[in-house]
Amino acid sequence: MAKTLEVRVPHALDQDEIKRRLDEALVRARSDYAESVGEITAQWAGEDRMQFNLAVAGMKFDGSLEILIEELLVKLELPGAAALFSGRIREGIQERLGGLVG
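For the sequence shown, my numbering gives the first residue as 22, with consecutive numbering after it.
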């Protein structure tokens, strides 16, 4: 059974700068993780919301990232087996996004 993981990451940047940084990070991630992660797809659904999906170890992950005034809100659907690692997944998201927008 899938579990929804919500992660909030504080920021003090404007929306355009966050979008620029996220777009650049996606280009790097597609290159850096090409062999270990399946195709990473992402598209902006409006000015402040990104829909994305990827596959890791045969598991498909769907999610969204919303740019709020003082934080980013990530919602990620975790397949059953991945839910066991939700704490580590949360920490990884906080670390990477925090470094990107911090």
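It is worth saying that the hints were derived from the structure and are not from the lab. None of these values were measured; they are calculated from a predicted model. For glycine and all other residues, C-beta sits at the position ideal for the given N, C-alpha and C. Keep in mind that the hints are not guaranteed to be accurate.
To be verified - Straight line, CA to CA, 27 Å or less: simulated DSS-like cross-link-like pairs of lysine-lysine:
#, residue 1, residue 2
1, 96, 40
2, 81, 24
3, 96, 24
4, 96, 81
5, 81, 40
To be verified - Pair by pair, the computed Cβ-Cβ distance ranges are:
#, residue 1, residue 2, range
6, 36, 117, 15 to 23 Å
7, 102, 67, 13 to 21 Å
8, 36, 104, 16 to 24 Å
9, 42, 105, 24 to 32 Å
10, 78, 36, 31 to 39 Å
11, 34, 59, 23 to 31 Å
12, 54, 115, 29 to 37 Å
13, 40, 105, 15 to 23 Å
14, 68, 25, 30 to 38 Å
15, 45, 87, 24 to 32 Å
The hints, checked one at a time:
no. : hint                  : result
1   : 96 to 40              : holds, 17 Å
2   : 81 to 24              : holds, 13 Å
3   : 96 to 24              : holds, 10 Å
4   : 96 to 81              : holds, 14 Å
5   : 81 to 40              : holds, 24 Å
6   : 36 to 117: 15 to 23 Å : holds, 19 Å
7   : 102 to 67: 13 to 21 Å : violated, 32 Å
8   : 36 to 104: 16 to 24 Å : violated, 31 Å
9   : 42 to 105: 24 to 32 Å : holds, 31 Å
10  : 78 to 36: 31 to 39 Å  : holds, 33 Å
11  : 34 to 59: 23 to 31 Å  : holds, 30 Å
12  : 54 to 115: 29 to 37 Å : violated, 18 Å
13  : 40 to 105: 15 to 23 Å : violated, 33 Å
14  : 68 to 25: 30 to 38 Å  : violated, 23 Å
15  : 45 to 87: 24 to 32 Å  : violated, 19 Å
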